[in-house]
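Keeping their order, the protein sequence lines are chains R and P. So for the first sequence, numbering that gives the first Met the number 0 puts the first residue at 0; every next one is plus one. So for the second sequence, numbering that gives the first Met the number 0 puts the first residue at 0; every next one is plus one.
Since the hints were derived computationally from the structure, they do not count as laboratory data. Please note: incorrect hints may appear among the correct ones.
[What the hints assert, rightly or not] Have a look at the derived ranges for each label pair, beta carbon to beta carbon:
#1 Thr148/P - Arg241/R: 48 to 58 Å
#2 Asn39/R - Phe9/P: 43 to 53 Å
#3 Phe8/P - Lys239/R: 31 to 41 Å
#4 Arg105/R - Met2/P: 25 to 35 Å
For each residue, glycine too, the CB sits at the ideal point set by N, CA and C.
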Amino acid sequence: MIALPLWIICAVDIVGSIGMMIFGFLAFKKTLSIHALDPNNPRYSYLCWVCGTLMVFAFVRGGGHILRYVLLALHEAGLWFAISPYIGALNTLSFMLIVGVTLFMRDVERICLRINREREKLEHMSREILELNRDLEQIVSERTVSELALRIAHRVRNPVMVIGGLIRRLAKECPGDERLADKFRHILEQVDRLEEIVREFEDLMESQLALFRTEDLNRLVQSAVNLVLAEAEEKGVELKARYSEGPLPFKGHGQLIKVAVVHILRNAIEACGPGDRIEVETGLEKGKAFVIVKDTGPGIPPEIMAHIFKPFYTTKGKRTGLGLPYVKQIIEEHRGTIEIKSEPGQGTEVKITLPTYLGH
Amino acid sequence: MKMKKRGYFFWAVFWVLVWTSPGWALQEHPPPEGFIAHQLAHLFFAGAMVVFAYRLQTTHLSQRPHWNHLRWAAYCLAFWNLWAFLGHLLTHVAVREALFSWQEGLHYCYRHLLIERPAEFFYFVLKNDNVFALAAFYLIYRGVSRIETLLREGRQ
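My request is simple: use the sequences and hints to build the entire structure.
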């Protein structure tokens with residue numbers, strides 16, 4: 000039988016209680032400072048609550064223990080027995096406070112995850128929009144250059160050909176004069192050079208076709224859907240997409256097709272109201288890739304349907320009315336087709352078909 | 000399903016109204032209740048800490064060293080609760096302060112504990128529960144300090 004001194008228990012208790020109070024207080028102070036550094040982060044706000052309740056627990060429990068030693072040392076046992084039930088009750092309450100706060104962890108984490116997801120989605124969308132804008136600028140500048148080149152070529156070609164023909168005829172009409180024939184030859188060389196330049200200008204338009212690459216229609220449509228998903232959600236429109244299995248390759252200008260699909264989707268979202276549904280479908284049909292955008296909106300009245308692809312025809316006030324004609328132009332440049340079926344009150348279906356041109 | 004639940008609810012209300020027994024408006028709270036409430040609170044506290052640690056683990060926050068400190072702190076507190084729970088139980092049912100009746104008049108800290116049975120030994124060991132509580136608070140402090148440092152450096 001051995002006798003163990005109880006001062007060991009007392010020492011551990013006193014040191015532990017004081018330590019708990021010090022570390023509890025310092026930890027809470029740190030969490031306040033963390034919260035001040037990033038006040039919008041719910042995780043840090045939650046950490047404040049956890050550490051705050053733990054500090055309360057440390058002070059109630061540790062403080063109570065220390066008080067007991069002090070009062071017993073001062074021979075105030077009666078006072079201690081009078082207040083100890085209250086301290087004990089507060090101690091128990093602090094436990095339950097901690098339980099209540101810590102069980103919120105799941106909700107806080109869910110909120111944090113959602114915020115992070117939304118942030119990532121926004122970053123992704125803004126990146127896509129920036130990319131789309133950059134591509135659009137490039138497309139516009141390329142088209143301006145091409146059209147200018149084509150116009151110049153068209154205007155210059157005829158006079159150059161007339162000059163060339165006249166010079167050749169004049170050269171034939173003056174066969175004996177060597178000096179004159181030499182000058183005609185020089186003029187004809189320059190005319191040939193001019194004709195070559197005109198041809199080069201005309202080829203510039205053809206060079207646009209060089210921008211056509213093998214693209215995946217599924218990927219482009221997916222990217223377009225992602226771009227407008229937030230708009231649809233905000234309007235309470237359900238946007239569902241069903242992509243064909245595997246990639247849908249076709250030869251064309253990816254960004255232009257994406258612009259066209261985004262435009263069709265935005266039109267559908269604008270037409271739809273809360274509770275409506277937009278279905279996007281991609282697939283392969285008779286060797287052609289297609290994308291269908293079908294909505295349950297109010298549909299297009301026949302009087303508007305007749306003018307839908309006419310430039311500058313708009314029902315949306317401030318708009319230019321160039322949207323759908325531009326979409327049609329893009330699709331036709333890809334030798335594809337665009338069909339719109341709509342019944343008032345029954346919704347609208349837009350089908351874009353694109354030849355794959357693979358193997359050619 | 001909703002109708003079924005409502006049906007159960009009305010049946011329960013009906014049952015209570017029909018089969019009532021005499022009751023008192025105010026419930027008494029005699030002494031063991033405080034002890035039981037405290038012991039239950041220890042168990043809830045331990046459970047909450049385990050859940051907290053588990054959530055830190057499942058949300059992969061504990062992969063970061065500073066959050067991992069908090070996870071270990073939660074485990075320490077859970078362990079401390081179980082330790083304290085057993086300590087209270089032992090003091091309540093087996094040992095009591097009667098152990099020291101032969102040292103009447105002496106301050107608790109000046110007394111000695113005679114180890115005659117395993118209960119006394121366990122009493123001595125379990126009374127040192129603050130070892131775990133202190134470790135837990137130190138780990139919490141370490142964790143949040145690190146988070147603060149990283150935030151100040153813009154790395155969190």
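Ascending list of hint numbers which this structure does not respect: none
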